[in-house]
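Chemist: Chain B: place on chain A using the hints.
Those protein sequences? They're chains A and B, same order as listed. Using this note's numbering, you'd call the opening residue of the first sequence number 173 and step up by one each time. Using this note's numbering, you'd call the opening residue of the second sequence number -3 and step up by one each time.
There's no promise every hint is true.
Said to hold, decoys possible - If you want a taste of the chain B side facing chain A, the calculated C-beta under 10 Å gives, among others:
no.: 1; residue: THR40
no.: 2; residue: LEU75
no.: 3; residue: CYS105
no.: 4; residue: ARG106
no.: 5; residue: ALA108
no.: 6; residue: ARG110
no.: 7; residue: TRP111
no.: 8; residue: GLU113
no.: 9; residue: THR118
If you are wondering where the hints come from, they were derived from the structure by calculation, not from laboratory data. Glycine residues also receive a C-beta, built at the ideal position from the N, C-alpha and C atoms.
Here is what each chain is made of, one letter per residue.
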Amino acid sequence: MNDDELEAWAAAYRVARKPSAQTRRAIERAVRDERSARASRTRPRHALRWAVCSVGLLAALLAGLFWGSLASERAQRTAPEPPSLTPDLNDLAPPVEGLLAEGTPRPHTDVLDASPGASAALDVAPASTTPRPRRTAKSGSPGDVTDEMRLLRQAQQRLRDDPPGALELLRRHASTFPHSPLALEREALVVLALCRSHAHREAGRRARTTFLRQHGDSAYAARIRDACDAPDDTVMVSP
Amino acid sequence: MGSPPPRRMPAPPHALEDVFREHFDYVWRVARMLVGEAMADDVTQETFLIVRRRLPELHAVELRGWLYGVTRNVARNDLRRRRRYRRAIARPPDSPPTRPPDLDDALACREAARWLETFVDTLSFKLKETFVLRYLEGLTAREIAEAIDVPVPTVESRARLARRAFEAFMSERYAREERP
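Isolated chain A (complex conformation) (with noise of 0.2 Å):
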C-alpha cells in the first residue's frame, strides 16, 4: 500500500467522520457560555454532592453498626449458615492483558492482546486539571453485561462441536468489549477452543503456556493446564 493510497483512506474517514453542524453549534455555545455558567452552576452542585455524600456516609455507617450488632447477636442465639455473596463469580474475574501474545494466530491475538492496552495506557497519562463534565452522560447501560454473557455463552455452547465459530465469538467480544469485567473468563475460553481446534492446537498449547505463567493462580488454572492435552469431551468452563 504506497502513500497515496494510504491518504485516500485517511481523507474518507475524515469525510465520514465530521460532527454535526448542530453539535458544533451547541458545543461552541456552551464554551462561550461557560464562564457566567460555571459562577452560577458549580459551587451549588459541589456543595450539594458534598451533602449528599455527607449524609449517605452517615446513614452508611448507622446501617452498618446497626446490623453488625443484629448479625452478631443472631449468631449468637441461631448459628445459621452463612449466605453466600458470590456464587458464581468465581467464573468471572478481572481483565488480563496480552494473554496470548505468543499463541494466537494473528486474527485473535490482534483484537485480544492490544485492546486492554489503551486502558492502560490511559491510565498512566500524566493528570490534567479539567472541568467536570456538563453535558449528561450517554455511554453505558445495564444491558452491556448481559449482551457480554450472552455473546460468552453462545461461545462456550460452540466449544465443542464449533471451537472456529466460538473463537469468532469471543473476537467479536473483545472487539466490542475490550475492557470487559469478563475478559478473563474470554481468554480461558480462547485457550480451551483453541485446544480443541484441531487447526489451532499447537497454538493453543503456546496459548496455555503463557495463561498459566500470568495467571497461574487463577480460577481457571486448574482446568486451563489439562486443557490441550484432555479429551475433547471434558473440558468445561462456565461463564
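Modeler: Coordinates of chain B only, in the frame set by chain A:
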C-alpha cells in the same frame, strides 16, 4: 516616583473563533477515536473549555499537538470517572472495500471509516495514537513527538509498526474474502 507602567500582555496569537474553525473537527475526531462516538461530544466540549481558559498562554505552542495532549487527558479522566470503556461501533461489513473509496460516495466513506476504526481498535494505545495522528490527521513526527513527549525516532518507529499492521490487517481480510 510614579507608579510603574502597567504591564502590557501580548495579544494571544490564537483567537477562540480561529481555534474552533480550524481544529474543531480534528479534536472531535480524536476524541471519537479515543472514547467512542457516545462520549466524543463531552470530551470535545471539555477540551475546548480548557482551550478557552489557556488561550492567553498559547503563544508559541504548536496547536494540534497541544490539543491532542489536552484531549487525551480529558478522555482519560472521563474514562476513569466512568470506569468502563466501551465502544459500541457497528460491526463493519464482512468484505472490506478493495480500494480507497471515492470521496463523493458517502456510504463508501462511512464503510472505510468503520474499517479503519475496527483496525485502530486492534492496536495498542501507543500505536493507536500514533497511527491516528500520523496517518489519519496528518501530523508530522515532530509534532507527535512533542504532543506525547517521546523522541522523534520513537514516533517514526511506532508509525512504521502501525502502518505494517494496517497493511497486514487489510491483506488478511482480502485473503479471507477471496477464500472459497
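Chemist: Could you check if GLU113 of chain B really has its C-beta closer than 10 Å to a C-beta on chain A?
Modeler: Since the shortest Cβ distance to chain A is 8 Å, the answer is holds.
Chemist: Let's test the interface hint: is any C-beta of chain A closer than 10 Å to that of ALA108 of chain B?
Modeler: Holds. Min distance 4 Å.
Chemist: Would you check whether ARG110 of chain B satisfies its interface hint, that is, whether its CB is within less than 10 Å of any CB in chain A?
Modeler: It holds, given that the least Cβ distance between ARG110 of chain B and chain A is near 8 Å, below 10 Å.
Chemist: Quick check on the hint: TRP111 of chain B CB to chain A CB, less than 10 Å?
Modeler: holds, 8 Å
Chemist: Once the shortest beta carbon distance from THR40 of chain B to chain A is found, is it less than 10 Å?
Modeler: holds, 6 Å
Chemist: Let's test the interface hint: is any C-beta of chain A closer than 10 Å to that of THR118 of chain B?
Modeler: THR118 of chain B check passes; min Cβ-Cβ to chain A is 4 Å, inside 10 Å.
Chemist: How about LEU75 of chain B: closest beta carbon in chain A under 10 Å, or not?
Modeler: Nearest chain A Cβ about 6 Å off; hint holds.
Chemist: Using Cβ atoms only, decide whether ARG106 of chain B comes closer than 10 Å to chain A, and label the hint accordingly.
Modeler: holds, 5 Å
Chemist: CYS105 of chain B was flagged as interface toward chain A. Is the shortest Cβ-Cβ separation under 10 Å?
Modeler: holds, 4 Å
Hint compliance for this structure: every hint is met.
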